[in-house]
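A.B. asks: Residue strings, one per chain:
4 protein chains.
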Amino acid sequence: MGMIGGGPGAFIGAVHRIAAFMDGETELVCGAFSSDPEKSKQTGELLNLSPQRVYGSYKEMIRSESSLPANERMDFISIVTPNHVHFEPAKLAMESGFHVVMDKPLAFNLEEGKLLLDIARKTGVVFCLTHTYTGYPMVKEARQQVLSGKFGQVRKVYVEYPQGWLSSFLEGADSQTNSFKQAAWRTNPAQSGIAGGMGDIGTHAFNLAEYVSGLKVTKICADINVVVPGRKLDDDGNLLLKFDNGASGLLFATQVAAGEGNNIKIRVYGEKGGIVWQQEDANSLHVKWLDKPAEIYRAGTPYLTSYASHNTRTPAGHPEGYLEAFANLYRNFTLTLKSKLSKEAPQSEWLDFPGIEEGVRGMYFIEKVIASGKSDQKWIDL
Amino acid sequence: MGMIGGGPGAFIGAVHRIAAFMDGETELVCGAFSSDPEKSKQTGELLNLSPQRVYGSYKEMIRSESSLPANERMDFISIVTPNHVHFEPAKLAMESGFHVVMDKPLAFNLEEGKLLLDIARKTGVVFCLTHTYTGYPMVKEARQQVLSGKFGQVRKVYVEYPQGWLSSFLEGADSQTNSFKQAAWRTNPAQSGIAGGMGDIGTHAFNLAEYVSGLKVTKICADINVVVPGRKLDDDGNLLLKFDNGASGLLFATQVAAGEGNNIKIRVYGEKGGIVWQQEDANSLHVKWLDKPAEIYRAGTPYLTSYASHNTRTPAGHPEGYLEAFANLYRNFTLTLKSKLSKEAPQSEWLDFPGIEEGVRGMYFIEKVIASGKSDQKWIDL
Amino acid sequence: MGMIGGGPGAFIGAVHRIAAFMDGETELVCGAFSSDPEKSKQTGELLNLSPQRVYGSYKEMIRSESSLPANERMDFISIVTPNHVHFEPAKLAMESGFHVVMDKPLAFNLEEGKLLLDIARKTGVVFCLTHTYTGYPMVKEARQQVLSGKFGQVRKVYVEYPQGWLSSFLEGADSQTNSFKQAAWRTNPAQSGIAGGMGDIGTHAFNLAEYVSGLKVTKICADINVVVPGRKLDDDGNLLLKFDNGASGLLFATQVAAGEGNNIKIRVYGEKGGIVWQQEDANSLHVKWLDKPAEIYRAGTPYLTSYASHNTRTPAGHPEGYLEAFANLYRNFTLTLKSKLSKEAPQSEWLDFPGIEEGVRGMYFIEKVIASGKSDQKWIDL
Amino acid sequence: MGMIGGGPGAFIGAVHRIAAFMDGETELVCGAFSSDPEKSKQTGELLNLSPQRVYGSYKEMIRSESSLPANERMDFISIVTPNHVHFEPAKLAMESGFHVVMDKPLAFNLEEGKLLLDIARKTGVVFCLTHTYTGYPMVKEARQQVLSGKFGQVRKVYVEYPQGWLSSFLEGADSQTNSFKQAAWRTNPAQSGIAGGMGDIGTHAFNLAEYVSGLKVTKICADINVVVPGRKLDDDGNLLLKFDNGASGLLFATQVAAGEGNNIKIRVYGEKGGIVWQQEDANSLHVKWLDKPAEIYRAGTPYLTSYASHNTRTPAGHPEGYLEAFANLYRNFTLTLKSKLSKEAPQSEWLDFPGIEEGVRGMYFIEKVIASGKSDQKWIDL
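Chains as they are written, first to last, in the working numbering: chain S, 1 to 382; chain A, 383 to 764; chain U, 765 to 1146; chain V, 1147 to 1528.
Don't take each hint at face value.
[Claimed, not checked] Calculated cross-link-like contacts (lysine-lysine; reagent style BS3-like; alpha-carbon spacing at most 25 Å):
| # | chain 1 | residue 1 | chain 2 | residue 2 |
| --- | --- | --- | --- | --- |
| 1 | U | Lys1006 | V | Lys1520 |
| 2 | U | Lys1142 | V | Lys1520 |
| 3 | A | Lys674 | S | Lys265 |
| 4 | U | Lys1029 | V | Lys1411 |
| 5 | S | Lys374 | A | Lys601 |
| 6 | V | Lys1524 | U | Lys980 |
| 7 | U | Lys1142 | U | Lys886 |
| 8 | S | Lys292 | A | Lys654 |
| 9 | A | Lys674 | V | Lys1438 |
| 10 | V | Lys1411 | U | Lys1006 |
| 11 | A | Lys756 | S | Lys265 |
| 12 | V | Lys1520 | U | Lys1138 |
| 13 | S | Lys374 | A | Lys756 |
| 14 | S | Lys292 | U | Lys1036 |
| 15 | V | Lys1296 | A | Lys674 |
In short, the hints are calculated from the structure, not lab data.
Produce the complete structure using the sequences and hints provided.
C.D. replies: Next comes the structure, spelled out in structure tokens:
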């Protein structure tokens, strides 16, 4: 594994590394951690990389690694840069034959996203987009139970992602703290694209809704707001949703719910019952029934589907969290990659990770949600 | 107190009686419990009423009671009939000088509601509309904390009312069960009016949002659905909201969230923090802060506002519930009534119960939400 | 119904009245509310009693009421005085043919308790001892599920009652507040007897353990403490328990868990699963299984036993609380009393309320727990 | 790092490896994974170890590694074998100059534990005993808040560890499943020592109580049971506790609470308030107050002590779990080890991990708790 981005002060780069290393099967062999070669070098040292495999740019990295013997060079690249530096490295990586793990959202805009899809299809690389929340075992269990049909047809999907950290004008601070850095690029159109919160966390909520329900959103009606004065991108959005089977729902994602952390939550109801899952109680899945007691499924227990069990490391009652969910993306990506390299058939559980199609779907979502927010038209097709 | 409606199998009539009697200060002296005189008589007997004060119709009751000496006749009338029998009894009651407690929603349609408002103003009667959830002490505490300004300006209001009991076509059953009876009139346009779920529980959610936030909804965008095949009125709705201070929000009310009871929930966020309250944990108020630990305020504790304390009967840790919340409406209505009759100034805590203005507001809500559901226009003024 | 005790500032007297009145079937007709006739009179006025039926002493009340025609006199007496004024009024009441509702614990000491049991048996009166927590519908559901054998043999019983209100030396305050009054008599050996917290809340925990498990405690080993300096009676106790079927368990009751309200909680585990109930979430019963998902039974739902349903007033999702649980004791006591008076067979659900046997059991508990606390012997028979 | 134990089917060995690797600073360089050289070899291959550093016995491993140049050989050894294979490897490791991470409990019996303490003191090695629960950031926060004195003197400590997995006679199964293997050695006196559940999870509860309260247990009174017929060691225990400051408390640990996972929980109350923490909600610390609202401290927030912050990897709202808590033990052990090797002063946060003294304390606990369980004497000194 090589890494692009993830230099000093980068939050998500460190998370990717922990996730990749957790099962002891992936090794970081090279990196271009910053556009500033000096910072890249520092990070490489901290990570005990061989200095000649710490690069000053992603181009240099891909070129150099490509020239190494196949059994020495990295197998795949993790791209953990801000959104405006997703497309070019991913394109070059894929065209050079490297598989890719990409932090979400896929690209700076829909156009780039579509191009990446084309390239991925042409090159046949394995591609993972890190919609972390689909890596939780109880989210996988939720999906399997909904898909099984036991609740009848899905009627309602409610998804929400409340955050509070952008309640004040953090990006206006005269500061070099990590929270300033995080706020600065995420609220900057030149780095994030046309969407702020909708791209950052709205896409997560959208992806989770489609993943768990097994449905596609067909129409949206969005109220998109810039709540904090001076901010350049949306920090709040409320959406009405319509799904391809006729179900309806709601999505909200906000960064100004002062006091909230990251309690992304999903509820799906069918004719006979439904499920509730939320990150603050990530190891439980609540299953509700019209005519019998609710049930609580717990991670690590023997009565779960293989999709949940495969993505669990600890026995029942020992909680797993965000890093393990993230690591499950890497686990399934690398299992799929290995099966591809060894030309063996992958298990269906291994293939269950978000890929480039989900990424393009997210880019559509961003484009349409911002358009809907500006429109007087009620419903917009997705 | 006299009662109109509340005969055999009536759910809400029994609740009104428990609520009215709880503090031992109100006595039921007469009633017209059913349009069927025989059923009215039966109910009167069960309630140990004097037979000559059990009436075959509300007209007879109001006429007869009016002719009694002032110190014998009932002071006020509780009207607990289906929506289509709200207007006429309330009009006659007020015009005959009786004060009124009315089950929500106020009337069959907005037109009736406005007329009742006029009559109430002209006659000067005390009028209570039973939006029960505003009777909970921790809802009152929530309102007081939000109004105090401690959270800064309100930015977000999320309110939801998920039920599941109408997930199947109950009203189509060949049945005389109570749930059939409840379903039958609530889904019948001739008895409920233009709205089903939006009138039944949507108005509660709407009222709660305005009550706790201290704001008025100015615009809505509604997605209104009839989910269960064969049903004649809406059983599901999702709304985008705009408030008069610029805040935005969401409201959903559904009767097809299979497995849900009545977990009405409200969240209000301001610049520095916010509150979360839900009926399933009615004795707690969660207060969240941008930069310090969340707090849990508990009913019955000494650190609450007078609005919460005044509406609590048990010491901290002994839960109160729906019936006590309902009883608080009666408590405050009767305290206000007594102060009026004795010409003494009421305490501000006594005046804190929903009245006819909230009722008219609810009728506007019903009218507009159904209109919005049918419209292609995004935002509709309220 | 007549009442002895429950004058100004009395907490539990007011609770008894609300509970008795809730279902509209019981009326307060007379009272001796205080040993101070003036205070008794005041309370009678507040309660709108006929002045000639407000008495200056319980003796006067029982004598006078006995002389009334049978259809006018009170049917039963609620005794809500401190512990040292339980025996004499109860004795006189029963010997005069009145049925009795007694606030717990039964008496000042075991000797008195046994005498009352003899009198109750001789006179055949209906007797209710207000162990409130057994009135909760989900506690009754818990008992029924355990008794059904579905969990196999019971192995473990954990019961706890944490309070914090006596964390400071309240009774030493120079004060006339209600909390001072409550603290003063409850920590005074002359009014409470040999036990403080063990009598006040320990007996509740003990009763709940035996009620839900269907077992009898046979041995205890107690660590009894006076934590707050200056206090005259125990405010804290920890117990090891042995049950008659070989199960073991723990009981703790404390009044110095600063910050706790009244979250009495019970857990019972059998060979295949178990139950968890706590007052802070009184409308839920958690049922746990060795090899399948936990279940949450909710009050008011159709899948409960008749014992739970009979003791519920509101539909699923509308919480009931402490007052409704208390009212269930009165409901079942009065239903049993009516069936006795009418010589009809009572339903088994009506007979399910705590009586004088539970009261004597509680007096044994108090005597033994205090003895064990002073003893170096490990186990003491109960 | 080298590892002793952790071969095929070993649960805790895998956990140690994940924990050690999580922060990317520790590498596994060698191992003696099983007493069966073939199995050791298999495990080594799976872990991509160099074949010549996969050993057939711990003796061979320690001998061979000792002969390597200092910059090549392992720095420390993780010993993850059953209890009866703790002493000898630890002794040899320490005497050969290797630092040690030992799975709990420290040894097979108290005698061995004391000898290891002597050796550790003599050799000056850094020693970590994996009492995992003290690695949770909110447990560290709890300890810091209690030690700060903000709650006044500690009065009550309640700790509990309910498990259900040994509710049936798993060890009697004719099986080679992992749960059979886990059950088999943990209930076998030849491998576990004199205690079953008390050694396995009782020691965790005991350690947590002393860690969070900052107190020492001075006396215990234990009821120790073998609940499941045929079992050779205790699977259940209830204890009364006395602490060195006069506080009292309870400890229970059971493996037959059918339906429970591993919800270890601790409550500590002082004069003015207290804390509640439980593993099922590991990222929250509930702080309760006598006279103000309870607070919920959440992991990853800026208002925590440095002890909590230092042991957190993800931003607020992204849950961490058991593996991260385990990894914190390794993090602090390795930071302390590095500071020792580099002769720099360690930060106080780094030194906050359980060591050999806690291990000996646990062995005392095991010895005394089993003795107390067999004794008729009420209190036994610890």
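A.B. asks: Hint by hint, say whether it matches the structure.
C.D. replies: These are the hints, each one checked on the structure:
Proximity of Lys1006(U) to Lys1520(V) is assessed by CA-CA distance (about 15 Å); at most 25 Å being required, the pair is judged to hold. Taken as a hint, the Lys1142(U) and Lys1520(V) pair is honoured in the structure, with Cα atoms around 11 Å apart against an allowance of 25 Å. Distance hint between Lys674(A) and Lys265(S) is fulfilled; the C-alpha atoms sit about 23 Å from each other, no more than 25 Å. Proximity of Lys1029(U) to Lys1411(V) is assessed by CA-CA distance (about 15 Å); at most 25 Å being required, the pair is judged to hold.
In summary, the hint linking Lys374(S) to Lys601(A) is supported, as the alpha carbons are separated by about 16 Å, within the 25 Å threshold. Taking the CA atoms of Lys1524(V) and Lys980(U), the gap is about 22 Å. The hint holds against a cut of 25 Å. Under the criterion of a C-alpha separation no larger than 25 Å, the hint pairing Lys1142(U) with Lys886(U) is inconsistent with the structure, at around 38 Å. Under the criterion of a C-alpha separation no larger than 25 Å, the hint pairing Lys292(S) with Lys654(A) is inconsistent with the structure, at around 41 Å.
Between the alpha carbons of Lys674(A) and Lys1438(V) the distance comes to roughly 15 Å, so the proposed pair stays at or under 25 Å and holds. Between Lys1411(V) and Lys1006(U) the alpha-carbon distance is near 23 Å, which keeps this suggested pair within the 25 Å criterion. Distance hint between Lys756(A) and Lys265(S) is unfulfilled; the C-alpha atoms sit about 30 Å from each other, more than 25 Å. A C-alpha spacing of about 21 Å is found between Lys1520(V) and Lys1138(U), which places the hinted pair at or below 25 Å, so the restraint holds.
At most 25 Å may separate the alpha-carbon atoms for a hinted pair to count; Lys374(S) and Lys756(A) meet this at roughly 21 Å. A threshold of 25 Å between alpha carbons decides the hint, and for Lys292(S) with Lys1036(U) the separation of about 20 Å falls inside it, so the pair holds. Proposed proximity of Lys1296(V) and Lys674(A) is supported: the alpha carbons are some 17 Å apart, at most 25 Å.
Hint compliance for this structure: hints 7, 8, 11 are broken, all remaining hints hold.
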